[in-house]
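Chemist: Construct the complete structure from the given sequences, taking the supplied hints into account.
Chains as they are written, first to last, in numbering that gives the first Met the number 0: chain A, 0 to 559; chain B, 0 to 253; chain C, 0 to 431; chain D, 0 to 291.
Treat the hints as calculated values from the structure; they're not laboratory data. All C-beta atoms in this analysis are idealised placements derived from N, C-alpha and C, irrespective of residue type, glycine included. Careful: at least some of the hints might be erroneous.
Here are some of the chain C residues that sit facing chain A, going by a computed Cβ distance under 7 angstroms [what the hints assert, rightly or not]:
(1) T48
(2) I55
(3) S263
(4) K293
(5) F295
(6) A414
(7) A424
List time: in silico DMTMM-like cross-link candidates among lysine to aspartate or glutamate, alpha-carbon distance up to 25 angstroms [what the hints assert, rightly or not]:
(8) K163/C x D49/A
(9) K217/D x E347/C
(10) K207/D x D13/D
(11) K256/C x E167/D
(12) K201/C x D165/D
(13) K183/B x E148/B
(14) K255/C x D168/D
(15) K510/A x D75/B
(16) K411/A x D75/B
(17) K255/C x E91/D
(18) K256/C x D352/A
(19) K177/D x E202/C
(20) K381/C x D352/A
(21) K411/A x D174/B
(22) K168/B x E408/A
(23) K411/A x E163/B
(24) K381/C x E196/A
(25) K59/A x E31/A
(26) K93/B x D218/B
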Amino acid sequence: MSDEPRVGVFVCHCGINIGGYLDVPDVVKYAETMPGVAYAEANLYTCSSDGLQKIKEAIKKHSLNRVVVASCTPRTHETLFQGACEEAGLNKYLFEMANIRDQCSWVHMHERDKATQKAKDLVRMAVAKARLLTPEEEPEIDIQPVGMVIGGGVSGLTAALSLANQGFKVHLVEREVRLGGYLNELDRLFPNNARAEDVTGPLIQQVKEAPEITVHLNSTVTDVKGFIGNFDTEVTTGEKTQPLNVGTIIVATGANYLNPKGFYGYGEVEGIVTQLELGGLIKEHKVGDAKTVVMIQCVGARTAERPYCSRICCSEAMKNATLLLEEDPRREVHILYRDLQTYGLEYTALELDAKRKGVKLIKYEAERPPVVTKGEKGPVVKVFSPLMGEELTIEADMVVLSAPLIPNEDNKKLSQLLKVPLNQDGFFLEAHVKLRPLDFATDGVYICGTAHSPKEVAESLAQARGAASRAGIPMAKGRLRTAAITSVVDETKCSGCGTCIELCSYNAITKNERGLAQVTSAVCKGCGVCGASCPERAITMRHFTNEELEAQGLAAIKEA
Amino acid sequence: MSDFEPKIIGFLCNWCSYAGADLTGVSRIQYPTNLRVIRVMCSGRVDPPLPLSFLAEGADGVMITGCHIGDCHYIDGNLYAKRKFGLLERLVEKAGLERGRVMLEWVSASEGQKFADVVTGFIEMIREMGPTPAATDPEIRLNLRVAQEAAEAYRLRAIVGKEEKLEKKGNVYGDKLSQEELEKIMDDAVELEYTRNKIKLLLKEPMSVKELAKKLGIDSKVVLEHIVVLRQRGWVDLHEVRDHSPLYKTMEVA
Amino acid sequence: MKPVMVIGGGVAGIQAALDLADRGISVHLVEKDPSIGGVMAQLDKTLPTMDCSICILAPKMIECFRHPNITIHTQSRVKDVSGGAGDFNVKVLKEPRSVDEAKCTGCGLCTQKCPTKVRNEWQEGLMDRKAIYIMFPQAVPLTATIDRDHCLYFQNGVCQLCSKVCPAGAIDYEQKPEELNLNVSSIIVATGFQEYDPTELKEYGYGRFKDVLTAMEFERLVCASGPTGGHLNRPSDGKLAHRVAFVQCVGSRTHKKGYPYCSSVCCMYATKEAVLIKEHDPAAEVTIFYIDLKVFGKGFQQFVDRAKSHYGVSYIRGRPGEIRLNPLTGGLTVWYEDTVTGDVSSMEADLVVLCTTMIARPGNKELTRALGLELDEWGFFKPLNPLSNPVETGLPGVFLCGCSHGPRDIPESVAEASGAAACAAELARRFA
Amino acid sequence: MKYALYLGCTVQSDQFGYEASVRETLPKLGIELVDMRGASCCGFPALSSVSKMGWHYLSARNLAIAEKMGLDLLPLCNGCHLSFVETMHFLEEDPELRSIINGHLEREGLRYEGRVKVVHLLEALHDRVGAEVIVDKVVKPLKNLKIASHPGCHAIRPSDLQKVDDPEDPQKLDNLIKALGAETFDYPEKIDCCGSQLAVASGRTTLKIAGDKLKAVKSYGFDALVTTCPFCFKMYDGRQRAIKGALKDNSLDLPVFYYTQLLGLALGSSPDRLGLRMNMSPVDSIVERITE
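Modeler: Take a look at the structure:
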């Protein structure tokens, strides 16, 4: 490519969408006069196959080394035109667009002259930028087809299996000495009262049999370096540590149950247990002749210091209450709740079934929680029911506390290792609440299960499969085309002040051995914040350099 | 006045505002023709020297639009855009222009009407202000160049770059600064750096502290303090001593 | 590798399609409407971040359109399915657009010139569209379509204005329904949901009182691209709505009319909509009537807390018994019992929003017949096992995501969509 | 169209105007009314509150008579209508109760089979005759009159038993009013109770409830209130003076009519034949406006 810019300008009529409101031929005539413009023409539809053909021919015929299309918006059509340039052997970053439809002809439909003038200016601006454009490469990086799953609960097991079934090697890292996670401590699971071991059992079996999966029990991840495709991790098992190079990482470390010590006399008054403990008692038929059972919801949840709702407790209570009544219909089971969180099809069904079986639901207000005291024969529960407008006193044989799921204590450590954030509750924070629920902002790291937030087994499984899909994508491709529009550090200017490192939301900038900033383009998203903030102005944005933007702006003000 | 057609340059972020501007067109909502758009990936990309140089070259106004806070495609680029805009406003004012000649607004991809309103409103405001004095007054143009240099120099950029952290996370000692404190720091820094850069520019012609003080309209003692700093920075140096008073000059390769 | 079919072009279908296409498996995305996007495209904002819905969805829609591995079949329905996992033969019927997708540039000229006004379903009937129309500004594909039931030419052979004005010569009245026979390894069902029609609940006056809206209608009303440009002008007289009441569980958690299940998302979208009103007009009086506040999702309780403390949205526990209209003032009166205080009382409102439950798509029936699956009693698809196999179905190779198997919110649908994509990818490899 | 006419106690004891207007107007619409020999009280509400059995027996007895006559039963009173409908429902639900009742009925050679149809006056006029027919027959249209519709609770509730009209949005009486050339429109209190059921328990409350509705009706600019229920009518018409006193509001003058009275005027009958003299609310000016 000769460095003397030879810009080709293609002005689109877009039928009458542009041509009908401004003088396209005039714009073309003007474009021909601009410095650096070697060729200009008008098309009825530049985006039509015939229009694209014209671009390709012109590139060859007039040996153009820059192309400007003045038509609609780059948001929908840039890639199309870039494609045409590439087919004609022109690097796609030597292409620029002028939006003279959506942002000109359509918004100035009654000012033909002014609209025409604006179109000329926009073309001039585009040409000014185009003349400075340089070809850019989209470097490719290799992706290790090896996944790491941290956490061996149902979520981790499912994610690992899915990755294996997708054909990838997997390292499954479990902190404890056995797989299964929290389900090992549960018996019956809602909504269908299946036994926990019947859910985990087969999963563990398949994981053990899967040749692709290496299980690391009693192990933790102690170091993580690198980025998507090539994470250099270190897994510590007991005394010995081993390096593992993986392409992607799935966080499935699960959550913990709050120990409700200090709530409602738990641990002090006889006959007060947690839902978790009750599950065990039911399993061993040890509830015995406890006739009156009172369950209290939101124990240490939806409070000032722990604002979130733990999601599963209401359904869990409904399930256990129903089991108690099935065991002995003469029992009296009360559930003291604030707002029932039994939602959707399955979990509403649980609520209705419990009601049918005679479970008594009593609402209480957060401002006026129940009080549990020690009575002669067992705990006595006093609760004010706003619906009845009176305080009820229940002589219970057993009080069951629904304690919330809480984040794992080692979330903090892991989040620092992986450079991924936690939310204010201490659970892992996904890249985007709505549309990227399983990704982290950091490429190549994914999240699922209760490490993300409290949730049912079913949803954890769906998420685990989903995380496996997300992680499988780059590994299936094997290579990752990284964006060309990234930032570049001029080491001769960089003073290593670290401002850019602070600003980058993607941890794309690190300090190199000389203490200078260095951009990992595989991770950089090209927003340009670092460049615009660098005190030494040592960082430039590819395809949006200061020179290009300045030229574009100055061209808008005066004719060059 | 009525025939005055303001030259307006707009930086639009690719993900929200540029899409919003497209929607304005798709909805055929009309607005005046004065706006010339520069597409950037993120409003946080807009480096203050750019708008300043446009203003110096005769732009009547510069607007920057980005995603609403919380909506940023790059998580929080628009927060930094806000910080930078704070600096831009101050410098515009120092240079002797109305603050209103630069504007920062949030426009989402679904706010076609809002985009039209924002643009129309800004253009109307600029019409009221009249043509930029930079076009006619060389002094103002010089001031804007000074402002641009100040915005390109280390100190102000370093502060702006750290603001967000200083407010949210705190400095190395972990103590956070309130918005007010930051404003104060910014004001002082801008005051100093602007003056120093102006001196630097003026001293392209050798000048004595007295002459400088006169040109700048500030006390010569203050000027001398600046000269000291500027010499430390290696920006200016003693040129010659003419009848007992030293003349200073900006060093060629500063 | 054989392609995979995704049925339904809402956010769930889009996510599933992109996940598969990105890993190199080609996808047939089948959508019954003229554009993909589904219900999420109609929403104004999404909670709890208040992201503009179309802003975050549109890029994904365009990605689908541009993706070399994705073929979008709009205005298409699955008619018949034979074969099994790894080798399904699917018969898809594509209704004619009467517009050549290759030629139409989406300039919209035809829609301006078309003389026939038709109820705009996408704007929830709050506006009109034309007989030839583009579903919405960000539609994908951005292509006009002719609604033959209302087009003058198709009805009585006159007009043809659109073909006269179309600069691209894209209008094609001769288009016939197309039958596609596609061989795919697996099928992902993402047919989504539809809104319950509260007309039968006469006590709320929906259909009788113009200012009683459903939540979806409200989404359009409050949206910048809606009929009022996002201003809260109430439909009856255009007066700015200052006092707004939201009624929860309209058609849900009921055993008489409507459905017994909880619709999962209403408490939160009502809170979002309440916050939107407060953002428009901080002085507005906004009240949400609820039975149980469903705050089980990540960050939901905090969102509600902010709505209460920061925005001053008030919540009253109680399901209103009746909504009445004052013929003189045009104002609405909401009668309710505050079940916490026990007071029976009433409240004046300019606008009442009925938070209607999500119900199954009627089209599910036809689809299950084709697949040989059975629906649950409410018309939703049944997962193989509600606990251990949430996205698989009784038919190997057919997977579920989104609201096709019950009400759920966007993040859950998106996560499931990826989950279904994983199932499809695993299966595709097994049969590769 | 032939019906067994069931007058019921209230009409026979003091709502002669209603009976008169019914006997005057319905035949003009081609409805033949046959009196029921030996008809008794329907048992509602007095007896029903102390003896379900007694109540159902009385209701069933009247139903049986109509069955014997081979005619549909046309009760004039909302209360009687509901009483019959409920009894039919219970006898359907509970065969045992039914056989007991039939045991009692046998003694007078009666038997309840459940074949009889109970037809409300609104159904007879709206669904069987039809508003359009009435429109044709109107000779003196009720021009420039705003008339409030009061269907009355017992005609529409309980919703799953009564199918006379929509319990939340009743429109039949309104359509019939419009058929006479008068104007009517929905108002918030339209389906509110007249309060008469509370009369025994709390007179004051009764008057307050009735008074509030009268006030509301006036406030919307209605010229009169119309109903088909003698209970409701007695509240609004007969006790209007008492209401004024209780609410200390002398402006509370509202003409109250039975629908059949207005129907009669529109069909050209003389006020006397419609028992309008017996209305205690100030109906005269309106009657004049129509008849002049």
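Chemist: For each hint given before, does the structure comply? Return the numbers of the non-compliant ones in rising order.
Modeler: Of the numbered hints given earlier, the structure breaks none, since each of them holds.
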